[in-house]
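A.B. asks: Since chain A is already given, all that's left is putting chain B on it; use the hints.
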Amino acid sequence: MRDEIRKTVSELSVAMSEKTAGRELKFMEVCGTHTVSIFRFGLRSLFPEGLEMLSGPGCPVCVTPAGEIDAFLEIAAKGNVTAATFGDLMRVPGSSRSLISVRGEGADVKVVYSPAEALTFAEESPDREIVFFGVGFETTIPSVAATVAQAKRLGLDNFSVFVSHRLVPPALRALLSDGEVKIDGLLCPGHVSAIIGSDAYRPFAEGMGVPCVIGGFEAVDIMKAVFGLAKQAVAGEARVENAYERAVTAKGNIRALEMIELVFEPCDAEWRGLGTIPGSGLKFRDEFAVYDAAVKFGVNPVNVPDPPGCRCGDILKGIASPEECPLFGETCTPLKPVGPCMVSSEGSCAAHYHYG
Amino acid sequence: MRKNEKNGIGKHVTLDHGSGGLASAELVREYFVKSFDNHVLSQLGDGAVFLLNGQERGRLAFSTDSYVVDPIFFPGGDIGCLAVHGTLNDLAMCGSVPVCLSIGVILEEGFPLDDLKRISESIAAASISAGVPIVTGDTKVVPKGKADRIFINTAGIGVVPGEIEMTPSAVRADDAIILSGSVGDHGVTILASREGMEIPDGIRSDTAPLHHLTKGLLEKFPGDVRIMRDPTRGGVATVLCEIAEASAVTLVIEEEKISVKRGVKVVCDLLGLDPLYLANEGKCIIFTDRSKAKEIVDFIRREPVGKDAEIIGHVESGHPGRVVLKTGVGGERLLRALSGEPLPRIC
Numbered sequence: 002m003r004d005e006i007r008k009t010v011s012e013l014s015v016a017m018s019e020k021t022a023g024r025e026l027k028f029m030e031v032c033g034t035h036t037v038s039i040f041r042f043g044l045r046s047l048f049p050e051g052l053e054m055l056s057g058p059g060c061p062v063c064v065t066p067a068g069e070i071d072a073f074l075e076i077a078a079k080g081n082v083t084a085a086t087f088g089d090l091m092r093v094p095g096s097s098r099s100l101i102s103v104r105g106e107g108a109d110v111k112v113v114y115s116p117a118e119a120l121t122f123a124e125e126s127p128d129r130e131i132v133f134f135g136v137g138f139e140t141t142i143p144s145v146a147a148t149v150a151q152a153k154r155l156g157l158d159n160f161s162v163f164v165s166h167r168l169v170p171p172a173l174r175a176l177l178s179d180g181e182v183k184i185d186g187l188l189c190p191g192h193v194s195a196i197i198g199s200d201a202y203r204p205f206a207e208g209m210g211v212p213c214v215i216g217g218f219e220a221v222d223i224m225k226a227v228f229g230l231a232k233q234a235v236a237g238e239a240r241v242e243n244a245y246e247r248a249v250t251a252k253g254n255i256r257a258l259e260m261i262e263l264v265f266e267p268c269d270a271e272w273r274g275l276g277t278i279p280g281s282g283l284k285f286r287d288e289f290a291v292y293d294a295a296v297k298f299g300v301n302p303v304n305v306p307d308p309p310g311c312r313c314g315d316i317l318k319g320i321a322s323p324e325e326c327p328l329f330g331e332t333c334t335p336l337k338p339v340g341p342c343m344v345s346s347e348g349s350c351a352a353h354y355h356y357g
Numbered sequence: 022m023r024k025n026e027k028n029g030i031g032k033h034v035t036l037d038h039g040s041g042g043l044a045s046a047e048l049v050r051e052y053f054v055k056s057f058d059n060h061v062l063s064q065l066g067d068g069a070v071f072l073l074n075g076q077e078r079g080r081l082a083f084s085t086d087s088y089v090v091d092p093i094f095f096p097g098g099d100i101g102c103l104a105v106h107g108t109l110n111d112l113a114m115c116g117s118v119p120v121c122l123s124i125g126v127i128l129e130e131g132f133p134l135d136d137l138k139r140i141s142e143s144i145a146a147a148s149i150s151a152g153v154p155i156v157t158g159d160t161k162v163v164p165k166g167k168a169d170r171i172f173i174n175t176a177g178i179g180v181v182p183g184e185i186e187m188t189p190s191a192v193r194a195d196d197a198i199i200l201s202g203s204v205g206d207h208g209v210t211i212l213a214s215r216e217g218m219e220i221p222d223g224i225r226s227d228t229a230p231l232h233h234l235t236k237g238l239l240e241k242f243p244g245d246v247r248i249m250r251d252p253t254r255g256g257v258a259t260v261l262c263e264i265a266e267a268s269a270v271t272l273v274i275e276e277e278k279i280s281v282k283r284g285v286k287v288v289c290d291l292l293g294l295d296p297l298y299l300a301n302e303g304k305c306i307i308f309t310d311r312s313k314a315k316e317i318v319d320f321i322r323r324e325p326v327g328k329d330a331e332i333i334g335h336v337e338s339g340h341p342g343r344v345v346l347k348t349g350v351g352g353e354r355l356l357r358a359l360s361g362e363p364l365p366r367i368c
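Residue numbers (the numbering used here), protein chains in the order written: chain A, 2 to 357; chain B, 22 to 368.
Treat the hints as calculated values from the structure; they're not laboratory data. We treat Cβ as the ideally placed atom computed from N, Cα and C, and that holds for glycine. One or more of the hints may lead you astray.
Claimed, not checked - Stretch by stretch, here's where chain B covers chain A in the computed footprint (C-beta under 8 Å, at least three residues):
no. : segment
1   : 176 to 186
2   : 203 to 212
Stated by the list, open to error - Facing chain B, according to a computed beta carbon distance under 10 Å, are these residues of chain A, among others:
no. : residue
3   : R7
4   : V10
5   : S11
6   : I39
7   : F40
8   : D89
9   : R92
10  : Y114
11  : A117
12  : A220
13  : V221
14  : M224
15  : F289
16  : T334
17  : L336
Stated by the list, open to error - Sample of chain A residues at the chain B side, in silico, Cβ under 8 Å:
no. : residue
18  : R3
19  : I6
20  : R41
21  : F42
22  : G43
So here's chain A without its partners, still in its complex pose (with noise of 0.2 Å):
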């Protein structure tokens, strides 16, 4: 099996060097688990000469504004709160301090591997204030948006969310808009991909000519999505390619949808490095208002510039490289990170830093 893998990851490699026959071709991996995926598994050595992966805005880690991390923090240091997150938020930081930080000075912080642990703390600790993080894309605001329906189902009034989550589509449209932006393809992210389906990207193949195929995470999966984009991209073709077909849709999960639907509506909302993007935010629908912890606590993220010299904005759009940035590998470091996209496992830099 593994020797089959080895033979046909090679045999598309090898497809993919006679496609392009060196032509200089710029691709984004839209989604951060693709970034790290094809760096550990080493297919930056495989992909052909002139074909250049330029690691987009798919980290929700990264994407979050140094403000609202801030304003988390401010909440996860009052004394009855218990503040409940995905592991890669520990150590990133807001404009001065992490998560890490502030549970080293007393507060606690708790890490979960899902919205509905943290739930599991409301109902049995009464008398703490538990505060969920909602960081992610399509793929995790399902279950945050499901928790929050139990929360209201059980009653529970202990327990809120600070929402920070972000909408896929918006950004790729903001970004394919900018003019800086040069990319002859998008990988689309197999897992967003799973929950919005694959026609949420006719509007970039057909409508503004960029060729977008959906990939998995195996590498067999990346490398044959990376050699539909070649054979797109040569051929002057635009249009949207499932490669993904065992876990995408052209619908995409309907359930998921809905219950995002129940729970949120969409909003303006600031992408690090990117600005505000119209309509790619979400806040809570009215009935569950009671739910939103920046109310609840009365806590409002501030606009924060970014650090001088930090590169993350252009990174995240994929006009620089993480070694073009003049902090990287010296002053930002995964120990000591200066913007997000070195500190998140899925980030760039990280990515870059760790796997060369």
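C.D. replies: Chain B alone, transformed into the frame defined by chain A:
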């Protein structure tokens, strides 16, 4: 390790400082080595090797380690036998034959005596089975809340025979790199136990003493073993990076030669962890002369602790400190040391 890497020690000790990665190394350098500085300590080996009373032969190795593992009882072992094996293995990695151990125990007020009995019996059993006596000890009790149930320190003395010298400078181009068995078993057992997760496939901690193996190895192959390290906190990846840096060589590792049990892989995938960075407590990495590598692997495989030993890579001259991993699918990437606490990844 990149030059000018600073871990930014703030005003408080964080869990990163205890993880065994770069942050721990920085803390040790800044707060301990600088104060206690001497040529033996500054080598920062797993144990300290020195001459006794100016003797030309018969050097001693001396090592200490503290154990604060949570949970204290876990599949495959407990804090007691872990404390014995850990120091025995540090002595073994220096090339020494362990002679005796000391033990210091700090107990939290209210710690159940039944649990204490269970742990002390485990310590005794591990010591007897290893053939290394505990010759001195100490116990303290602190008020409730001042310690987490039980903390154990062990220290040990070993004798380094003849001309044996385990040192990074002995590593040379073309040397083979051997790993004595599967990785991640202990790390996964602890992390899964902490999360209350069911551990699949009967995976358990691999805690075990390695000194019988290393003694036999050095007796049979004197001069062919360059350096040995047990990949505890920080895992195989961190140890390989440390050796590559200290020896100023490049290491080329074949990912598919590193054995990862299926159950370990399942838990790692679920928790977003990488087995190459998880702790092992009964495994060692051995650098050997290339021409003897096959014979040495066969020898290691005859010991129960080494039955899954494999040659996992080789040494090259070239970029000092670089560790190249050839992936299982035919690609290549670089391996880095663990920066801080291994935080599970979620998307």
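A.B. asks: Could you run down the list of hints and mark each one as holding or not?
C.D. replies: Hint check:
no.: 1; hint: 176 to 186; verdict: violated (count 0)
no.: 2; hint: 203 to 212; verdict: violated (count 0)
no.: 3; hint: R7; verdict: holds (5 Å)
no.: 4; hint: V10; verdict: holds (5 Å)
no.: 5; hint: S11; verdict: holds (6 Å)
no.: 6; hint: I39; verdict: holds (9 Å)
no.: 7; hint: F40; verdict: holds (6 Å)
no.: 8; hint: D89; verdict: holds (5 Å)
no.: 9; hint: R92; verdict: holds (7 Å)
no.: 10; hint: Y114; verdict: holds (6 Å)
no.: 11; hint: A117; verdict: violated (13 Å)
no.: 12; hint: A220; verdict: holds (4 Å)
no.: 13; hint: V221; verdict: holds (8 Å)
no.: 14; hint: M224; verdict: holds (9 Å)
no.: 15; hint: F289; verdict: violated (23 Å)
no.: 16; hint: T334; verdict: holds (6 Å)
no.: 17; hint: L336; verdict: holds (4 Å)
no.: 18; hint: R3; verdict: holds (6 Å)
no.: 19; hint: I6; verdict: holds (6 Å)
no.: 20; hint: R41; verdict: holds (7 Å)
no.: 21; hint: F42; verdict: holds (5 Å)
no.: 22; hint: G43; verdict: holds (3 Å)
Comparing the model with each earlier hint shows violations of hints 1, 2, 11, 15; every other hint is respected.
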